[in-house]
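Make a model of the complete structure from these sequences and hints.
What follows is the residue order along each chain.
2 protein chains.
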Amino acid sequence: MQLSRRIEGITEGGSDGWDLFHRARAMQAAGQSVLDLTVGEHDRPTPRPILDAMHAAATAGHTGYTVAPGLPALRTAVAERVEARTGVPTRAENVLITAGGQAALFAAQMAVLDPGDRALHLDPYYATYPGTIRAAGGVPVTVPTRPEDGFQPRAPDVEAAAEGARTLLINTPNNPTGAVYDRATLEGLAELCRRRGLWLISDEVYDTQVWEGVHLSPRALPGMSERTLVAGSLSKSHAMTGSRLGWIVGPEAAIARMADLATVTTYGLPGFIQDAGLVALSDPALEAEIAAPFRRRRDLARRVLAGRPGLRLLPAQGAMYAMLDIRPTGMSGTVFAEALLDAHRIAAMPGESFGAAAAGHLRVALTLDDARLAEALEALATFAALTAARAGASA
Amino acid sequence: MQLSRRIEGITEGGSDGWDLFHRARAMQAAGQSVLDLTVGEHDRPTPRPILDAMHAAATAGHTGYTVAPGLPALRTAVAERVEARTGVPTRAENVLITAGGQAALFAAQMAVLDPGDRALHLDPYYATYPGTIRAAGGVPVTVPTRPEDGFQPRAPDVEAAAEGARTLLINTPNNPTGAVYDRATLEGLAELCRRRGLWLISDEVYDTQVWEGVHLSPRALPGMSERTLVAGSLSKSHAMTGSRLGWIVGPEAAIARMADLATVTTYGLPGFIQDAGLVALSDPALEAEIAAPFRRRRDLARRVLAGRPGLRLLPAQGAMYAMLDIRPTGMSGTVFAEALLDAHRIAAMPGESFGAAAAGHLRVALTLDDARLAEALEALATFAALTAARAGASA
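Each protein sequence line maps, in turn, to chains X and P.
Just so we're on the same page, this note's numbering is the position in the first sequence counted from 1, plus 1467.
Just so we're on the same page, this note's numbering is the position in the second sequence counted from 1, plus 1467.
No wet-lab data here; the hints were simulated from the structure.
C-beta atoms are modelled at their ideal positions from N, C-alpha and C, and glycine is treated no differently.
Heads up, some of the hints might be wrong.
[Said to hold, decoys possible] So the derived list for chain X, only partly shown, Cβ under 8 Å to chain P, looks like this:
#1 L1470
#2 T1595
#3 A1602
#4 G1655
#5 T1732
[Claimed, not checked] What follows is a list of derived Cβ distance ranges for each label pair:
#6 X:V1534 <-> P:G1528: 28 to 34 Å
#7 P:T1849 <-> X:E1550: 49 to 55 Å
#8 X:E1658 <-> P:D1486: 43 to 49 Å
#9 X:V1534 <-> P:A1527: 30 to 36 Å
#10 P:H1489 <-> X:R1662: 41 to 47 Å
#11 P:D1510 <-> X:V1534: 35 to 41 Å
#12 P:G1528 <-> X:D1483: 21 to 27 Å
This is the structure:
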């Protein structure tokens, strides 16, 4: 029996890019000890006060259907948070609650793409971006960013791919690169979106993890609130990856139609999780507590890796990742990652898993405790130096 | 800024069919007492052991990302349940865990419809069916069923609409009609699906609520397991509507591709909810406890309404609804429902909210405690008799 062309095409039949991750997990399952720096997930559970609030809501009877666009109180809380952080007037009607940031991205692409529409996104990129676009019927088109620019996108590169496009998807703070887009970068992209009539889909799920510069939401730039859909989430900010609670912020008319989509995709989200989300958002201390280790470990990575031959840490401005340029070793990211896993039982993702623009790089998730992270980075640096020296000797 | 044609078209800009429900809720919000028989939701919360299992899983640390197709243990438990209830060999690889039955229906339509494909469903129908098809890019085509058949579909009616169709969506036990499709009906539809090369999407979320006859899953009919996608859920069987936990069962190849869709729509579901679902499925007493009141209230409705002029209860074979034919009153379902709400503060859904085939009917959700339900049905019957007598007098 034939499936739809769309669903057959989501992954294009290729690898999901996570081969190294799967291999590391298999080694762990076989009893081997692996220092795992692959996945962007906290090394701690969701804070207990959030879980207790969830249970209190559930046992108080909040276990029935909820309204599809999200609980009014949570929509209002997200609107107030977004307005406070960006200065853009935002009401509950600008907010749709979604099953995590991924559902927000899917809803955004579904809202603006018709079958065959070209949808731009930057390379390197989070692994689900092209599949999300294809699931929504669109045609993903990558625009490279460059290590020498610290992976800040150049508007002319986007311009060169923009003919016939409907959307541009960006992500700042960025996974996998750790870049935080600066004002000039975002103003250039915004100008292009306005001039070309593009929707801007702005993935800002790491907006509480900024170590250098400031997070600027492009929705706050002139003329952009009417054409920007912002994806947000409690996953990274509150260690709530498993709760699947996120949102999309955009023009009221777009949000109203996306609520129709919510009705037919999830028919609302658990009320007890939304109540827990409300508690999470009401206590700024929680998110400060969640962000602190990543800032500390990024500083640690800078110290350990400074001046080491064979690799270079860049740009490390935000998010929970350190991107390492390991091209001096003469290896691809994939070969280096495999060799590192074999030699030292350290698992980190090859840049190639996130697109061609990150070839020769390694994404290190800062998700081990400081002592083990330092140990892993030290071994990694020694391995890179040795490999680079060999590459130099044989060159 | 232009949205996609698809998202603009989900509701076709019309009423969502829930006007009466919204009016009843507004009356309640204004402090008026309303006997509410509109929504198919239990008059009890999720059983406490399930909620406690959820909290135990969360506080034990199951708060991180999960694999997109669902936890292996839960997929296995659903497979075993389905195999035990239907006799069809079913493995974990035949099961995708979804965010409730609605997400299962959406995934099914996305898996088999390409843009513009015709998708059949029966009338009357659950409110989200056409929007789900349109969100997946399909063109919904309704096939009427008839009150005089107890709303059992006739294969020739489906045949007449089948040219160029890709899918047929059915629902047994049925919302809103309370029909349980018999073997002859299902064999007729299965034969048509095989001959026409149609996918059968079988919504079986009420499969634990059967008061007459037996539930037969069409996936168990010859040659059907390879072309049937079954939507299931814990919402109705375990009073877990708010947990959004369901599944789709189908051929392995289809499930594998639907897992790709799960990655880009939800990126997995909460692990603590899936753990709670596993506990729910492990205790048959829980679902018996949930189903019992609906059987009792259906019997109550039969007793109260038997022989009353102006209405007729039919078919009341399963699910949590009583469908009343109120055509002897001379009123449409809509006019009757509005008048009943005005005169007696009793809210029940007009048949017209579920399609043209249920015109002149009223759907009564059996979701009030027995005493208040009896009171409401008594008042409703008196009102119908009075109205019918007036209609007779003026005719």
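Report task. Hint by hint, work out which the structure violates, then give me just those numbers in ascending order. Result -> When the structure is compared with the hints, numbers 4, 11 turn out to be violated.
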